[in-house]
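Trainee: Using the hints provided, position chain X relative to the given structure of chain L.
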Amino acid sequence: MTEAARPRHSIRFHGRSYHAMVLAPEPPVTNWLAELDTWLERSPGFFFGRPVVLDVAVLQPGKQGLAELLQNLAGRNIKVMGIEGAEPFWLDFAMPPLLLSGRQTSAVPGDDPPAAAEAPASAPFSGSDPDAAAALSDAPSLQGDASAPPVAPAIPRQPNSLLLDNQVRSGQCIVHPEGDVIVVGSVASGAEVIAGGSIHVYGTLRGRAIAGSRDARARIFCRKLEAELVSIDGLYMVADDMPAHLRGQPIQVWLDGDSMMMAQD
Amino acid sequence: MAKVLVVTSGKGGVGKTTSTAALGAALATAGKNVVLIDFDVGLRNLDLVMGAERRVVYDLINVVQGDAKLAQALIRDKRVPALHLLPASQTRDKDALSEEGVARVIAELREKFDWVICDSPAGIERGATLAMRHADVAIVVTNPEVSSVRDSDRMIGLLDSKTEKAEKGERVEKHLLITRFDAARAGRGEMLNVEDVLEILSIPLLGIIPESFEVLRASNLGSPVTLNNPMSAPARAYFDAAKRLNGEALDMTIPSDRKGLFGKLFGRRAA
Chain L
5 MTEAARPRHS IRFHGRSYHA MVLAPEPPVT NWLAELDTWL ERSPGFFFGR
55 PVVLDVAVLQ PGKQGLAELL QNLAGRNIKV MGIEGAEPFW LDFAMPPLLL
105 SGRQTSAVPG DDPPAAAEAP ASAPFSGSDP DAAAALSDAP SLQGDASAPP
155 VAPAIPRQPN SLLLDNQVRS GQCIVHPEGD VIVVGSVASG AEVIAGGSIH
205 VYGTLRGRAI AGSRDARARI FCRKLEAELV SIDGLYMVAD DMPAHLRGQP
255 IQVWLDGDSM MMAQD
Chain X
698 MAKVLVVTSG KGGVGKTTST AALGAALATA GKNVVLIDFD VGLRNLDLVM
748 GAERRVVYDL INVVQGDAKL AQALIRDKRV PALHLLPASQ TRDKDALSEE
798 GVARVIAELR EKFDWVICDS PAGIERGATL AMRHADVAIV VTNPEVSSVR
848 DSDRMIGLLD SKTEKAEKGE RVEKHLLITR FDAARAGRGE MLNVEDVLEI
898 LSIPLLGIIP ESFEVLRASN LGSPVTLNNP MSAPARAYFD AAKRLNGEAL
948 DMTIPSDRKG LFGKLFGRRA A
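Chains as they are written, first to last, in my numbering: chain L, 5 to 269; chain X, 698 to 968.
For the record, the hints were derived by calculation from the structure and aren't laboratory data. Errors might be hidden in some of the hints.
To be verified - Short derived list, chain X residues pointing at chain L, Cβ under 8 Å:
hint	residue
1	Arg847
2	Asp850
3	Arg851
4	Ile853
5	Gly854
6	Ile897
7	Ser899
For clarity, every value in this text was computed on a predicted model and none was experimentally measured. Glycine included, each C-beta is placed from N, C-alpha and C at the ideal position.
One chain only, chain L, in its complex shape:
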């Protein structure tokens, strides 16, 4: 009897974002593939082990065309992990999944130091190339000269924070995966705020604040800490583990590597 009544442990799901290269073929496909071949001759194995997303928004190949394109890429040892910009009915089950909500970021080694540091290690073939950085930054479009200086693409940043003028009441769950959440009132005990970015609470934080589901640099700020749980990028701290002297204080929470830091503001 107790067996049946025992609650199952729920499975935890985490959001995580990765850098992937986007291949955006342009019509006509045969020309584009020929260009790709010349590229691959110069840097064979460039795509080896790299996550590649295929963006067909420009090409619009249709169901048949997409299948052929995937075959062509597979023939060149390019594994596609996801497809963007396709109509759902073009895809069959064996194809990589359709990706939505992707956002353009800088070219791979651009302004993200960790990614740049990892790049040579994970791509041994390009590591030997003196202008590897340039090659990488040009790779997504496969255009222009390999020795051209890296272009810094403008990052389109929409104002996508969520401002809540009222209190968040017990039982309410605010989910905003796109950016920061700003709560002008308090977050009640039993309420939950989940943000892709940082969470700012200008009242008392009594409920749960789960920040940075897409960003380990996210932070949690509140005027008065009475929280049940704070979490950033999957790491969490429950009320029992919070330093007692910070209770009731205005605080800031951030991640330092794999440890959660909390300090009075």
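Mentor: Just chain X, lined up with the frame of chain L:
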């Protein structure tokens, strides 16, 4: 212009039914035409607290389902003629309430009365959501303790999202009624104090009802405390709350029996 008032709390046992009866009686003695509706189908209590349990023939379910006319189900109070009761059914459950039926009954009551006061059941299920559905004004009853405050907070969230007014983009007017308040225990930190509760819930305060044996005595006699002993501390607090509901601005005080008790003690000693 009739107003529909819901008395709600989320948590059980905090004094919803007592407050419904006391406020209803206070409003009725002030000359308003009042009807109290018991939404606690299956666990009705309001008829007992009002002392009308022997006069129940038809109930809310009968009216909602069209088996009885509203006039047949309404019970007029013997003490205050302007006070009426629409009892709940003890034998049915909350699923017997249909949304359209409740809407029709409330609309009909709006035409006849100044105040339609809905006594909500505990919890956040069907009965409670139907009771608050058509409300213009809500009284959130809270005891000064953490579980009650948190449940009330949840209720306020529901009032802002699940009521007809909220769905039209308007706001339900919300008031906080703190019941069973003991100033001495709050002072010693054994209870939340009024400031704490107000800070957490941040809705306007309608009244503070002191903890008193008078409340239990009145309930057991089947009489709202405002009728049973109008001079007692809880009754005075309820009268003040009723005046505030009618728009009067009064200073917030916590009436107390203590002076009276001391007076009696000294009186006896002197004699």
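Trainee: Each hint should be assessed against the structure and marked as holding or not.
Mentor: Okay, the hints, checked on the actual structure:
Of the supplied interface hints, the one on Arg847/X holds, with its beta-carbon coming within about 5 Å of a beta-carbon of chain L, less than 8 Å. With its C-beta approaching chain L no nearer than about 4 Å, Asp850/X sits inside the 8 Å limit, and its interface hint holds. A hinted interface residue such as Arg851/X counts as satisfied when its beta carbon comes closer than 8 Å to some beta carbon of chain L; here the least separation is about 4 Å, so the hint holds. The beta carbon of Ile853/X comes within 6 Å of a beta carbon in chain L, closer than 8 Å, and the hint placing it at the interface holds.
Proximity of Gly854/X to chain L holds as hinted, the smallest CB-CB distance being about 3 Å (cut-off 8 Å). Because the smallest distance between the Cβ of Ile897/X and any Cβ of chain L comes to about 7 Å, under 8 Å, the interface hint for this residue holds. Nearest Cβ of chain L to the Cβ of Ser899/X: about 6 Å, under the 8 Å cut. The hint holds.
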